[in-house]
Amino acid sequence: MGIYVLKRVLLAIPTLLVASLLIFSLVHMAPGGPIRVMLGQLQDPELIERLRHQLGLDLPLYQQYAKWMGNLLRGDLGFSITVHRGAPVAALIGQRISVTMELAAFSMVIALLIAIPAGIVSALRQNRLSDHVARLIALAGVSIPNFFLGIVLILIFGVYLRQPWGAGGFVPLSRGLGKNLAHLVLPAIALGTAYAAIIMRMMRSAMLDVMGQDYVRTARAMGIGWYSIVRQDIVKNALIPVITVIGNSIGYLLGGSIVTETVFRLPGVGNLVINGIFRRDFPVIQAVVLFIVVLRIVINLVVDLTYGVLDPRIRYGGAE
Amino acid sequence: MTAKEVVLVHSVVRRLLVAGLGVLLLAGLAQAGEIHVGIATEPWDLDPATYTDTGSGYIIQNVYDPLIELGTDNEPTTEFAVCKSWEFSDDATSITLHLREGIKFHDGTDLTAEDVKYNFEWILDPENDSPMRKVVGPVTAIDIIDPYTLKVTFEKPFPEVLQYWARAFAGIVPEGGHGTRSAEKGIAGVVGTDLSRHPVGSGPFKFVEWVSGSHIVLEPFDEYWAEGVPAPGIDRVVFEFIGDDAAKMAALISGSIHIVDKVSFRDFDFISRMPGIVTKRIPGIQEQYVALDLGAHPFGITAEEVGDQQAIARALAARKFMMYAIDREEIRDEIFFGMATIMYGPWYPDSEWFSPKLRGRKLHDPELARQYLEEYYSLGGEKPLKFRIIATNAQWFVDVATLIQEQLRQYGVETEVIPVDKATFFDTLYETFDWEAGVEDWGYGNFSALYWMYAGYYRNHHNHNHWHHAAPDLPENYHPTVPGHAEFCALYDEAIVEPDIQRRKELTWRLEEMLVENVVRIDLMIADNLHAWRDTVVGYGDGLNSEGDINLRYIKEFHG
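Each protein sequence line maps, in turn, to chains A and B.
Residues in the first sequence are numbered consecutively from 21, following our numbering.
Residues in the second sequence are numbered consecutively from 154, following our numbering.
No wet-lab data here; the hints were simulated from the structure.
Glycine included, each C-beta is placed from N, C-alpha and C at the ideal position.
There may be inaccurate statements among the hints.
Stated by the list, open to error - Straight line, CA to CA, 20 Å or less: simulated EDC-like cross-link-like pairs of lysine to aspartate or glutamate:
| hint | chain 1 | residue 1 | chain 2 | residue 2 |
| --- | --- | --- | --- | --- |
| 1 | B | 287 | A | 253 |
| 2 | B | 287 | A | 234 |
| 3 | B | 304 | B | 267 |
| 4 | B | 575 | A | 96 |
| 5 | B | 309 | B | 243 |
| 6 | B | 304 | B | 280 |
Said to hold, decoys possible - Computed spacing ranges between beta-carbons, pair by pair:
| hint | chain 1 | residue 1 | chain 2 | residue 2 | range |
| --- | --- | --- | --- | --- | --- |
| 7 | B | 494 | A | 73 | 54 to 64 Å |
| 8 | B | 389 | A | 90 | 15 to 25 Å |
| 9 | B | 186 | A | 272 | 16 to 26 Å |
| 10 | B | 503 | A | 272 | 28 to 38 Å |
| 11 | A | 87 | B | 297 | 42 to 52 Å |
| 12 | B | 585 | A | 91 | 46 to 56 Å |
Said to hold, decoys possible - Stretch-level coverage of chain A by chain B, calculated; a stretch enters the list once three of its residues show a Cβ under 8 Å from a Cβ in chain B:
| hint | segment |
| --- | --- |
| 13 | 97 to 105 |
| 14 | 205 to 211 |
| 15 | 253 to 261 |
| 16 | 293 to 301 |
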């Protein structure tokens with residue numbers, strides 16, 4: 021297990037290196053830079069040159085990349101230039117990651133609350149009305165883009181029902197759990213429903229697969245109660261492939277939060293990177309995207325390790 | 154479903170509903186005394202000497218007092234300014250400022266002439282990278298006469314100074330407030346100053362906190378000098394950053410926001426009819442324009458064609474075709490729902506600083522447009538006339554570009570509309586010749602017509618229209634597409650030091666006429682500012698001006 025984790029961590033190094041190169045190249049290949057944005061209508065050629073030099077933007081690209089990587093290795097993500105002037109990017113990420121994590125977790129809870137029971141019911145009642153309805157809802161969930169659902173929810177709760185929590189915005193936990201959660205309900209629904217649909221379909225097919233296994237038939241033949249078999253054997257075994265989907269979904273939830281945070285104006289990491297892109301804040305874009313890559317690598321590793329906990333037959337490390 | 158399943162599902166649903174209802178009831182409780190202001194963009198620098206964006210301006214305006222203020226008529230005033238009066242010397246080479254006594258900074262110190270002098274010196278020091286340096290003017294000396302009087306001397310007459318300073322000194326900071334420079338901190342131009350993230354001013358509201366991506370909180374400053382400001386009933390002000398127009402309007406309607414920075418043209422009529430919401434429409438400062446690349450075909454000439462009179466005439470014919478082919482009234486009615494003022498040249502049409510000769514001239518003339526198009530073809534222009542229009546993919550710019558595309562199609566002109574983001578737009582315009590026409594706007598944040606003659610068209614390497622261009626392959630530091638540029642610059646130099654107002658106006662008119670004669674840019678219209686706020690914020694509308702400020706000093710009562 022330890023060797024397996026070590027191998028995965030070592031493998032992550034080239035992945036991160038390639039990712040950093042790609043991120044850096046894409047950011048610097050895009051037209052426009054932070055200085056024109058910074059100066060707005062007060063463009064002054066003398067000042068532009070001075071700032072370009074101070075930011076190191078007049079250096080060859082490979083030198084800029086080396087400088088960025090050198091700073092990264094020392095744990096210095098740099099300062100924001102045009103999003104929150106002079107604020108350390110690490111502090112900005114630290115300030116906002118909790119919002120994104122909270123949104124992702126809440127969305128995942130909503131997705132699981134919908135998906136697991138719906139998947140179970142759908143499998144247990146295959147080809148009956150409840151199965152068809154659940155599958156139809158799942159199809160709709162996958163098909164409707166979360167930004168669209170978000171706008172519809174704002175329209176209903178914010179505009180028509182005039183609920184203060186229905187128009188987006190964020191209330192930190194320090195100002196009350198109730199307010200905090202209320203402002204997260206709609207974004208979590210908008211973000212979570214798509215993943216609920218994916219997980220529900222996976223749960224249904226995994227359940228059907230397990231229900232066809234010999235050990236299930238044997239258990240039934242032994243006279244064990246059906247609900248007991250469902251609870252003890254079918255659901256537990258069906259959860260293994262579902263965990264992979266859930267793990268991947270966490271990664272997608274972090275990506276999906278970029279749009280949802282913008283629609284519901286939540287001050288998360290997604291909102292930070294969007295702002296960074298529009299204002300060409302190179303240090304912010306580079307650091308946040310790399311941070312998301314690291315997060316995904318970690319999540320994937322955790323998901324892989326979870327398999328072993330759920331199914332003791334799974335072992336890591338080749339010969340083992 | 155079996156009875157057991159039904160009972161299980163009902164039980165879960167019931168529990169969820171009860172928990173959800175509890176959460177929502179808690180969330181619905183409004184915080185009394187808290188004004189929420191929805192602004193479209195997050196500020197990024199709260200130092201008045203280094204900020205350049207609108208979002209920061211909203212906060213700066215309420216945390217600091219300006220040296221000189223522009224009133225609702227856009228003329229210099231002192232109602233809420235640090236300066237209570239001023240006197241020019243006869244030749245306009247110096248000005249004496251009399252400061253208001255009894256103003257305190259949020260750190261408890263008194264505001265005196267020493268502080269104002271520090272503000273001047275800090276901005277004028279090139280090492281501090283203040284973008285306001287060139288807006289302060291040709292200052293040569295700042296002398297303190299007494300603790301509340303100081304005299305500022307200029308290198309040459311500077312009669313327009315008050316308009317300039319209303320922008321340059323949007324907030325007076327305490328002496329030493331910007332902090333000190335150090336290699337570790339980086340230069341001010343990049344990472345800002347001590348005030349960029351923790352502003353300290355003398356305005357009616359004190360800075361409390363800035364939650365990046367979410368909001369900024371201010372609270373009333375009890376020792377503010379003006380009577381009744383801030384209004385009783387205000388305990389806190391929360392500026393929330395709401396980038397999406399629909400979300401902002403939904404927040405206003407729901408009551409979670411009390412004031413919004415602006416309303417879209419599409420929503421204005423609908424919002425005006427909502428109960429509990431007050432709206433106001435006033436002439437704005439955002440000029441909508443079509444920039445033309447004077448350093449490339451078809452509207453300009455290339456470096457190889459410098460001095461080629463036929464090429465110069467051909468490019469001018471193409472530009473004149475554009476001037477008469479575009480139907481501004483249709484754009485105003487279709488895109489701005491009639492809420493804009495059509496421009497006849499590069500300044501406000503109803504201003505006395507706008508040339509009477511240009512005011513009311515015929516703008517849309519299909520017959521004249523055809524004549525100029527024929528002239529363009531006869532001088533060797535490519536047939537059919539083809540070009541790209543780049544437009545910022547925000548607000549209405551792409552819509553304007555598409556409508557212009559439609560209007561030009563009736564003349565057989567082929568165009569391609571290319572939407573780009575703002576950073577790309579300006580990078581393309583300023584740095585390249587790889588464009589032909591561009592649709593954007595710019596705000597007249599300074600109400601001096603002469604300032605904009607300088608900022609937009611003078612020999613300073615940074616204007617939008619490429620009258621000149623600092624391209625390395627060109628022999629001059631400007632592109633001599635329009636032969637009159639040197640004459641224009643000389644006339645500006647004469648106008649800016651002219652102390653006689655009437656003569657200065659006449660020179661300004663001539664500068665405007667030169668721009669129109671050469672069609673350096675197509676000025677379309679100035680979009681109105683559309684404001685909306687809840688009726689619980691009484692008096693807010695009295696302080697609205699063309700700049701679209703959010704000045705909370707004008708609030709008389711708040712029933713939050």
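Going through the hints against the structure:
A threshold of 20 Å between alpha carbons decides the hint, and for residue 287 of chain B with residue 253 of chain A the separation of about 76 Å lies outside it, so the pair is violated. This hinted pair does not check out: residue 287 of chain B and residue 234 of chain A have alpha carbons roughly 83 Å apart, beyond 20 Å. For the hint pairing residue 304 of chain B with residue 267 of chain B, the CA-to-CA distance comes to about 12 Å; that is within 20 Å, so the pair holds. Between the alpha carbons of residue 575 of chain B and residue 96 of chain A the distance comes to roughly 29 Å, so the proposed pair goes past 20 Å and is violated.
Restraint check for residue 309 of chain B and residue 243 of chain B: satisfied, since their Cα atoms lie roughly 12 Å apart, inside the 20 Å limit. Pair hint residue 304 of chain B plus residue 280 of chain B does not hold up; C-alpha atoms about 24 Å apart against a cutoff of 20 Å. Taking 54 to 64 Å as the suggested C-beta distance range, the pair residue 494 of chain B and residue 73 of chain A does not conform, at roughly 42 Å. The hinted window of 15 to 25 Å between residue 389 of chain B and residue 90 of chain A is violated, with their beta carbons roughly 44 Å apart.
The hinted range of 16 to 26 Å is not satisfied by residue 186 of chain B and residue 272 of chain A, whose Cβ atoms lie roughly 42 Å apart. One distance hint, 28 to 38 Å for the beta-carbon pair residue 503 of chain B and residue 272 of chain A, is violated here, with the actual separation near 55 Å. Between residue 87 of chain A and residue 297 of chain B the C-beta distance comes to about 45 Å, which sits within the given range of 42 to 52 Å. In this structure the supplied range 46 to 56 Å is violated for residue 585 of chain B paired with residue 91 of chain A, their Cβ-Cβ distance being about 31 Å.
Beta-carbon proximity to chain B at under 8 Å applies to 7 residues in the segment 97 to 105 of chain A; the threshold of 3 is reached and the given coverage holds. With a cut-off of 8 Å between beta carbons, the segment 205 to 211 of chain A has 1 residues touching chain B; three or more are needed, and the interface restraint is violated. Closer than 8 Å: that is the beta-carbon criterion, and the segment 253 to 261 of chain A has 0 residues meeting it against chain B, so the requirement of 3 is violated. Taking a C-beta to C-beta cut-off of 8 Å, the segment 293 to 301 of chain A contributes 4 residues in contact with chain B, enough for the three needed, and the coverage statement holds.
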